[in-house]
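K.L.:
What follows is each chain in one-letter form.
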Amino acid sequence: NAGVTQTPKFRILKIGQSMTLQCTQDMNHNYMYWYRQDPGMGLKLIYYSVGAGITDKGEVPNGYNVSRSTTEDFPLRLELAAPSQTSVYFCASSYRLSGVSNQPQHFGDGTRLSIL
Amino acid sequence: GDSVTQMEGPVTLSEEAFLTINCTYTATGYPSLFWYVQYPGEGLQLLLKATKADDKGSNKGFEATYRKETTSFHLEKGSVQVSDSAVYFCALEAAGNKLTFGGGTRVLVKP
Numbered sequence: 028n029a030g031v032t033q034t035p036k037f038r039i040l041k042i043g044q045s046m047t048l049q050c051t052q053d054m055n056h057n058y059m060y061w062y063r064q065d066p067g068m069g070l071k072l073i074y075y076s077v078g079a080g081i082t083d084k085g086e087v088p089n090g091y092n093v094s095r096s097t098t099e100d101f102p103l104r105l106e107l108a109a110p111s112q113t114s115v116y117f118c119a120s121s122y123r124l125s126g127v128s129n130q131p132q133h134f135g136d137g138t139r140l141s142i143l
Numbered sequence: 424g425d426s427v428t429q430m431e432g433p434v435t436l437s438e439e440a441f442l443t444i445n446c447t448y449t450a451t452g453y454p455s456l457f458w459y460v461q462y463p464g465e466g467l468q469l470l471l472k473a474t475k476a477d478d479k480g481s482n483k484g485f486e487a488t489y490r491k492e493t494t495s496f497h498l499e500k501g502s503v504q505v506s507d508s509a510v511y512f513c514a515l516e517a518a519g520n521k522l523t524f525g526g527g528t529r530v531l532v533k534p
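Chains as they are written, first to last, in my numbering: chain H, 28 to 143; chain U, 424 to 534.
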């Protein structure tokens, strides 16, 4: 069982460069999420999606974009990398039925990104 | 807005010691509460959860009880092992199916 797979695991970018963090899940989950984790801090929600074609902003969306063209994939795009975006990025997914919650989120292993 | 506060670490213990990590929350309505664990180099894994007041979540010897009157969800384990060394995150889920995390507590268990 692959679960949630993130690529790459590590990346160094120069200021102003762009890149896409990939996330795919094979559990047929409808909800997907992107978080960032700064040193010594908890996770903060960047964007989330409740299904293919639907995305919404989380707590810290500035500087990022997402798309959800399929159920399986939820890529995160950085258009103009800035040092403040140095962080560890986690993708997660979960299955939710309307009116029913409490299904746990499943996390990938993370992408460690440094902007220099 | 919703928030989670947990004790800062690191917490350093000897093997077989008792572990408590405090967690308190602020939320509207009746959130679900979770503890996640993050081992070095890995993503977060759900450790346990509780969905309503007085529920007790338990897994791998860890326990936490949902205390609505004190808005708390403290994590406990009676006898820790070296393999329990990790970062532990308390989290809540209120309306909107989004998790709010505490800052994490690093636990180091020495043999």
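Calculated directly from the structure, the hints in this document are not laboratory data.
Any given hint could be a false lead.
[Said to hold, decoys possible] Calculated pairs, BS3-like style, for lysine-lysine (alpha carbon to alpha carbon, straight line, at most 30 Å):
no., chain 1, residue 1, chain 2, residue 2
1, H, Lys84, U, Lys533
2, U, Lys521, H, Lys36
3, U, Lys479, H, Lys36
4, U, Lys475, U, Lys533
5, H, Lys41, H, Lys71
6, U, Lys491, U, Lys533
7, H, Lys71, H, Lys84
8, H, Lys71, H, Lys36
9, H, Lys36, U, Lys483
10, H, Lys36, U, Lys491
11, U, Lys521, U, Lys533
12, H, Lys71, U, Lys491
13, H, Lys36, H, Lys84
14, U, Lys521, U, Lys475
15, U, Lys491, U, Lys521
16, U, Lys491, U, Lys475
17, H, Lys84, U, Lys483
18, H, Lys41, H, Lys84
19, U, Lys521, U, Lys479
20, U, Lys475, H, Lys71
21, H, Lys71, U, Lys483
K.L.:
For which of the previously enumerated hints does the structure constitute a violation, in increasing order of number?
P.N.:
1, 3, 4, 6, 10, 11, 17
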